[in-house]
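For chain A, the structure is supplied; the task is to place chains B and C on it using the hints.
Here's the letter readout for the chains.
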Amino acid sequence: MPADLLSAIVTILAVLLYFYMSIRVGQMREKHHIKAPATSGHEEFDRAFRVQMNTLEALPVFLPLLWLATVYFHAYTWLPAALGLVWVAGRVLYMTSYMADPDKRGVGFGIAAIAQLGLLIVAIVGIVQCWPGA
Amino acid sequence: MPADLLSAIVTILAVLLYFYMSIRVGQMREKHHIKAPATSGHEEFDRAFRVQMNTLEALPVFLPLLWLATVYFHAYTWLPAALGLVWVAGRVLYMTSYMADPDKRGVGFGIAAIAQLGLLIVAIVGIVQCWPGA
Amino acid sequence: MPADLLSAIVTILAVLLYFYMSIRVGQMREKHHIKAPATSGHEEFDRAFRVQMNTLEALPVFLPLLWLATVYFHAYTWLPAALGLVWVAGRVLYMTSYMADPDKRGVGFGIAAIAQLGLLIVAIVGIVQCWPGA
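Chains as they are written, first to last, in numbering that gives the first Met the number 0: chain A, 0 to 133; chain B, 0 to 133; chain C, 0 to 133.
Read the hints as simulated data drawn from the structure, not as lab findings. A few of these clues could be false.
Any copy will do: because identical chains look the same in the list, a pair fits if it lies in one copy or spans two.
[As the list claims (entries may be wrong)] 20 Å max Cα-Cα, derived SDA-like pairs, lysine to any residue:
hint: 1; residue 1: Lys-103; residue 2: Asp-45
hint: 2; residue 1: Lys-30; residue 2: Gly-40
hint: 3; residue 1: Lys-34; residue 2: Asp-100
hint: 4; residue 1: Lys-34; residue 2: Met-52
hint: 5; residue 1: Lys-103; residue 2: Met-52
Chain A on its own, in the form it takes in the complex (with noise of 0.2 Å):
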């Protein structure tokens, strides 16, 4: 199974799950009356947001991560996809979480984030062994 396929697998399911947070976003919006451009004015969509934008802060160093380590890591070809799914997975008990108390987001963000240095070891380790000479 080419890695690149695995991965590109693995991030359509990150894209999703963030749409997915989007939407929740746009539901608390209407169910609160929340007019746009506020972005707070009750818990829920707090939450709500807060699971969103935490989300999309986390992505500009997912999705490059998982992809150096794709392209680099030959060792183990399959390893960048398999910790991108292990980060979903910890996006997704983040989410729920969250949205039921904010106090219990901890293991979630703390499963996504040691997927997160997996990548980042992965994609170090893959650069320089790609190196010249090395």
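Coordinates of chains B and C only, in the frame set by chain A:
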């Protein structure tokens, strides 16, 4: 015409539009004397800020889908770039109508959303077609 | 030295800097007891938050331009990565000066903006040069 060059141009256009939105926020900040780190304080600034933020929130969905579709979809190579161009046009309309009246932002937002959905479908079809043995 | 490896390293550096900014926001959240989902409450937290957000807002411009320039510009293959390094340095200065005094954030911001403009020009030149028949 190579498909990747067309998508490269659309990426440049999307980035330029977003860049223009960011400059507008800076101008509104000066015009209405909203001192950093504040991000609110005048209706016109708030609208410009929300236009930029909402487009920022859309970019990590749009750009990965545009490039996944460009790389994996080979039936009509011009299609991803064409959908990308529609997205950019929808976002221009979104910006101008939001600045005029936040309640009228729906049409431009919808056009961009439909283009994005099209890119998602084209990307998935492309990945399935590239699957080994498919 | 292959140009893509240099840009891969610059991408890692940009991602690490952004990651560090995010951690700072989390630290300020704890230090000043600002409970999620709130994103305001103390001047020092607000500065750290704006530094991270402004860099987040810049990443979807910076990373696509860096990679478009890297892929399409072949005259001086080291140039995109060099401009990317200037961008990272400008953003480090932006962070340190913003935290010290928001009014002094201009120089670092300007350096990063000029590097970004350089990448835009290099990317466009590259795309034009790769155009079939050009």
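Verification of the hints:
1. Lys-103 <-> Asp-45: within (16 Å within a copy, 24 Å between copies)
2. Lys-30 <-> Gly-40: Close inside one copy (11 Å), not across copies (25 Å); limit 20 Å.
3. Lys-34 <-> Asp-100: between (25 Å within a copy, 12 Å between copies)
4. Lys-34 <-> Met-52: Answer is both; intra-copy 18 Å and inter-copy 16 Å each pass.
5. Lys-103 <-> Met-52: within (17 Å within a copy, 24 Å between copies)
The earlier numbered hints are all upheld by this structure, with none contradicted.
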